[in-house]
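Number of protein chains: 8
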Amino acid sequence: MTETVPTVGIVMGSDSDWPFMQDAATALKEFGVPYEADVVSAHRMPHEMIAYGSEAADRGLKAIIAGAGGAAHLPGMLASVTPLPVIGVPVPLKYLDGMDSLLSIVQMPAGVPVATVAVGAARNAGLLAVRMLAAHDADLRAKMTEFQEDLKAEAQAKGERLRR
Amino acid sequence: MTETVPTVGIVMGSDSDWPFMQDAATALKEFGVPYEADVVSAHRMPHEMIAYGSEAADRGLKAIIAGAGGAAHLPGMLASVTPLPVIGVPVPLKYLDGMDSLLSIVQMPAGVPVATVAVGAARNAGLLAVRMLAAHDADLRAKMTEFQEDLKAEAQAKGERLRR
Amino acid sequence: MTETVPTVGIVMGSDSDWPFMQDAATALKEFGVPYEADVVSAHRMPHEMIAYGSEAADRGLKAIIAGAGGAAHLPGMLASVTPLPVIGVPVPLKYLDGMDSLLSIVQMPAGVPVATVAVGAARNAGLLAVRMLAAHDADLRAKMTEFQEDLKAEAQAKGERLRR
Amino acid sequence: MTETVPTVGIVMGSDSDWPFMQDAATALKEFGVPYEADVVSAHRMPHEMIAYGSEAADRGLKAIIAGAGGAAHLPGMLASVTPLPVIGVPVPLKYLDGMDSLLSIVQMPAGVPVATVAVGAARNAGLLAVRMLAAHDADLRAKMTEFQEDLKAEAQAKGERLRR
Amino acid sequence: MTETVPTVGIVMGSDSDWPFMQDAATALKEFGVPYEADVVSAHRMPHEMIAYGSEAADRGLKAIIAGAGGAAHLPGMLASVTPLPVIGVPVPLKYLDGMDSLLSIVQMPAGVPVATVAVGAARNAGLLAVRMLAAHDADLRAKMTEFQEDLKAEAQAKGERLRR
Amino acid sequence: MTETVPTVGIVMGSDSDWPFMQDAATALKEFGVPYEADVVSAHRMPHEMIAYGSEAADRGLKAIIAGAGGAAHLPGMLASVTPLPVIGVPVPLKYLDGMDSLLSIVQMPAGVPVATVAVGAARNAGLLAVRMLAAHDADLRAKMTEFQEDLKAEAQAKGERLRR
Amino acid sequence: MTETVPTVGIVMGSDSDWPFMQDAATALKEFGVPYEADVVSAHRMPHEMIAYGSEAADRGLKAIIAGAGGAAHLPGMLASVTPLPVIGVPVPLKYLDGMDSLLSIVQMPAGVPVATVAVGAARNAGLLAVRMLAAHDADLRAKMTEFQEDLKAEAQAKGERLRR
Amino acid sequence: MTETVPTVGIVMGSDSDWPFMQDAATALKEFGVPYEADVVSAHRMPHEMIAYGSEAADRGLKAIIAGAGGAAHLPGMLASVTPLPVIGVPVPLKYLDGMDSLLSIVQMPAGVPVATVAVGAARNAGLLAVRMLAAHDADLRAKMTEFQEDLKAEAQAKGERLRR
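Chains as they are written, first to last, in the numbering used here: chain A, 2 to 165; chain B, 2 to 165; chain C, 2 to 165; chain D, 2 to 165; chain E, 2 to 165; chain F, 2 to 165; chain G, 2 to 165; chain H, 2 to 165.
One or more hints might be untrue.
Said to hold, decoys possible - Under the rule of at most 30 Å between Cα atoms (straight-line distance), these lysine-lysine pairs were calculated in the BS3-like manner: (1) G:Lys95 <-> B:Lys95; (2) H:Lys30 <-> H:Lys153; (3) A:Lys95 <-> H:Lys95; (4) F:Lys153 <-> F:Lys30; (5) E:Lys144 <-> A:Lys95; (6) D:Lys30 <-> D:Lys153; (7) G:Lys153 <-> B:Lys95; (8) E:Lys95 <-> F:Lys95; (9) A:Lys30 <-> A:Lys144; (10) H:Lys95 <-> A:Lys153; (11) D:Lys95 <-> G:Lys144; (12) A:Lys30 <-> C:Lys95; (13) G:Lys95 <-> H:Lys95; (14) E:Lys95 <-> H:Lys95; (15) G:Lys95 <-> F:Lys30; (16) H:Lys30 <-> H:Lys144; (17) B:Lys95 <-> A:Lys95; (18) A:Lys95 <-> C:Lys95; (19) C:Lys153 <-> G:Lys153; (20) E:Lys153 <-> H:Lys30; (21) C:Lys153 <-> C:Lys30; (22) H:Lys153 <-> D:Lys153; (23) C:Lys153 <-> A:Lys95; (24) A:Lys30 <-> A:Lys153; (25) C:Lys95 <-> D:Lys30; (26) E:Lys95 <-> C:Lys95; (27) D:Lys30 <-> D:Lys144; (28) B:Lys95 <-> F:Lys95; (29) B:Lys153 <-> D:Lys95; (30) F:Lys153 <-> A:Lys153; (31) D:Lys95 <-> F:Lys153; (32) E:Lys30 <-> E:Lys144; (33) H:Lys30 <-> E:Lys95; (34) H:Lys95 <-> C:Lys95; (35) F:Lys95 <-> D:Lys30.
Claimed, not checked - Distance windows between CB atoms, simulated: (36) A:Asp151 <-> C:Thr27: 30 to 36 Å; (37) H:Arg162 <-> E:Glu56: 18 to 24 Å; (38) G:Ala154 <-> B:Ala143: 43 to 49 Å; (39) G:Arg164 <-> B:Ala143: 27 to 33 Å; (40) B:Glu31 <-> D:Ala139: 19 to 25 Å.
No wet-lab data here; the hints were simulated from the structure.
In this text, all values refer to a predicted model and were calculated from it rather than measured experimentally.
Note that beta-carbon positions come from the ideal geometry of N, C-alpha and C, so glycine has one too.
Generate coordinates for the entire structure from the input sequences, incorporating the hints supplied.
Okay, here's the thing in structure tokens:
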């Protein structure tokens, strides 16, 4: 974790989701975006969860990344108490391949959106947060463009190898 | 609504769910169970929702029926702040036939169960609440047994008509 | 199994479901709720199943927990012959991830509700039964509230560890 | 209904399923197979349902056609109390397009099969019963072969029209 | 394989389906029903498949059991060229858990039914064939009733063990 | 229908599929590709269906478009008896939104591919046949390129109108 | 459309999506966020689509909202050529209830996220864009908080009416 | 890879798809069809992907095989910039069994078809390309017919073994 004031909060219902969610942290680190990570369970600590969301903007966060599985209520509940964009990561559980997590996160009612990424796609959640920040930060935007160039170069190198 | 202290709370995220949810009220009325009905939105009034759940047991409620659609968080969030049994009714929205509502309600994590009924089955939610009460109330249990006898008689009469 | 008169019956179609279903028993034991466990197969011993359900209330049971997989008929059939609340646990089989079990249990017709919990969620079935009893038992309700506090404390401790 | 002893029983949980299920009766009538139709609800008249299934073989029935929707337990429960082949018709309800009905009927455990036809396919249930009888009745088999020839002729005539 | 004239034909698209399909053979053997097993691929040997179906009744078969996976066309194609009842077994492939196999087999058009059993349920296919025969054979019907009694006894013994 | 020797065969199981399938014919007509349309039912006229497929290449057809719904066996069966590319159109039926048709057509076993298009996408089936021909016909390829330019021009005009 | 430089681009594959997508525009208008709307089809004008995405950031856009249905490639393709956050709206088509659109948009590979909202939820796409901007604009954030208060007040008024 | 001018292009988004996609190459090799294989990522190298598709026909390719997983945009995007037939292979990812890949590839809008094969069916993609070429090449068509005869012979041999 960085020592500066965090810009992005990464939260999850249990530390058992951390193996998935730490990819979000890694992505943020790659772009030098300070973040914090915490367990904030919608179902086990609802008052603290409400408090976390309610105070997030005033504490300086610019986006919240929330991972949850099954009847995944954390992203949506946070979105209901913060004006910040909330990014939801559907964590796949033992059954149903994350389809329950996906629908529980993405199908939010009018008025309270959650920016949902793919099942298990915590890295993309981190990158999406970077894009949100980069829209207002030319340096970060340049880094994202460079990152996309790198992705291209890697893909091209793979093609090279495949062609011999 | 009855004038006595309500035993069951029927809540939903919007009064647009009332056409579905009033079947729960009707069922309770048929059994003489006093109830209250209210709009308690997880996403639009999260603090009030938390308060509703937290105070439910002390106000004398014995069960809560909560209807919700899409990313349906109301039943699960209420279950997280009350020790009472919460009955969840998956309300079908315009798309996906209520499958999103069903999974968002039923797939709760260990520790916080929601008693889920069929998609759109508010009447059964009411009857399930009656059964919960009837387990501790011989009169009500007798009424439920009688109700089941009536269901049988109706079904038998239908068979009669079908056979000529 | 406890020596006092059981308050909750835990039944399943085969003892091969016991690895799943014993989590319900554990939950009940944690709360000091006396229970019984039995194999009552809807498809292999239908008369005994009907008898089990018909006599459950008179034997003093306050709720029945029934686990079943695939074309899971046990919870619904029991619900049709008892006035007690029946809690259905969708047991996942080798294929389809329990989606068949879930739909076969939850989609009950009007008049005969089953309180359905998540796929494989036998522990939550036990906790739901405790909640039903707790609504009529202040001591048990206090225990459930305490249990919820413990869940919170654990989640907070996990957050602690995650934050360092 | 015919006046001779019925060979096939057509049952359903409610006469509201009759609009679907009468196509089974029509198919049987076309082949001169005597049948009976009745309302036998698994959930509303479980004892009568068990009795119906238990006595079916002794009453001379050779097959039972059972239509049911949602948590469709009728075909499987009848199969558990009769040695006769039971044909299940998944009746589509208002939501989920009959997928719940299909899975609840077809996914039977080892030992107790149900011969399942397509969602809403009561006519095919009737024709399947005819095939079962025709395997032991040369005249009926000849009729079925003729019926298949007629289907071909109709299809060919349609092709004729399409080609001009 | 028995030496008498086979009464039931068990066919599949490839011998790689045999590990699934032999459960059907075992069930028939338990009831003393003579059968034959063969590879008859709808997609790899269509003419032979058509021939197999067309001649089945005249060869003395009373029912055909056909297992197939994915775009499972074998059961339905056989049903289109025989007046006999065809029992379809959805064989699960590497992806989709047999849902494609199930729908490809069960959703037959009006006129050409396939008696579909559960995903991977070859044993039940065998038992269903036995029931079809038993409807016309008192001895076999007595055996099936006895078999059902045995299932009950086993289930009861499991309950015994579970209760201690 | 054109008077020249047809290059593409459009077939379907019933003329009730024609409202869907004629979009394929229209597309072919737009590109001046001669075609024939016929009813060739896999389930109602299996021998004729086999004959149609077996003779298609020798009759000069270069591709076959086959529409089918439910347990849709026509495209796959044709593919098993012709070396030509077969294009499958999943026709949506009353229930399941064509998901059964799609899986029954696309999930073909190794060795026998079907070129599947979207649910109900007969027009795209026609255009896919044109592309197959255009790969070997410079004029047709030029027309397809022009067609794609027209699609672009239309889309641009729509953008124009939307921007005002 | 506003006259100032647009901050958000709303694009769709066809003006037939406009009835859905204009809800995004309305939401932006309510918050005084300048936007532009255009038809940018991934499949019909791929070069223009690539150009639109590539130039978006330099033209001053801070976010792109893209609606698409079926094999919905527009949001993901735009995300691959811009460093800006792209919000994807799954537009439901005639079949499959938007499930194809949802999966085609949300299941993006690592490196290229799309912020996906609910099926048909164009209004929420607009609100999500506002939140992204509001994280960097105290006034807008205050407006969003106020908007959330209004949602609450409306919900409370509905509860009022329901309670009488 | 062959040294002659390639007739078929096999492309994929990453070389991690090669284990799946090389089955397409093997099939082409068996028929002596020259091919090329390359990494062409829709999301990581969009400009190159557009270029690849735009130039394919002029370079002499007659068909493109494109494999992709998840939000699989490669086949459809290539189809939008080439007049050639594009064959899409849904690559299954870690979750959802390739259902997302399938829908993202097959559900293309009117005007831009993709010839979709089964989930993971790269071999069939190769065979489908051969069929497209064989329709215009009598030798290749003879080989395909011979190949189909071989499939039959293999299936018959399997039957032989199964029958003893």
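Looking back at the numbered hints, which does the structure fail to meet, lowest number first?
Those not satisfied are hints 5, 11, 12, 20, 25, 31, 36 and 40.
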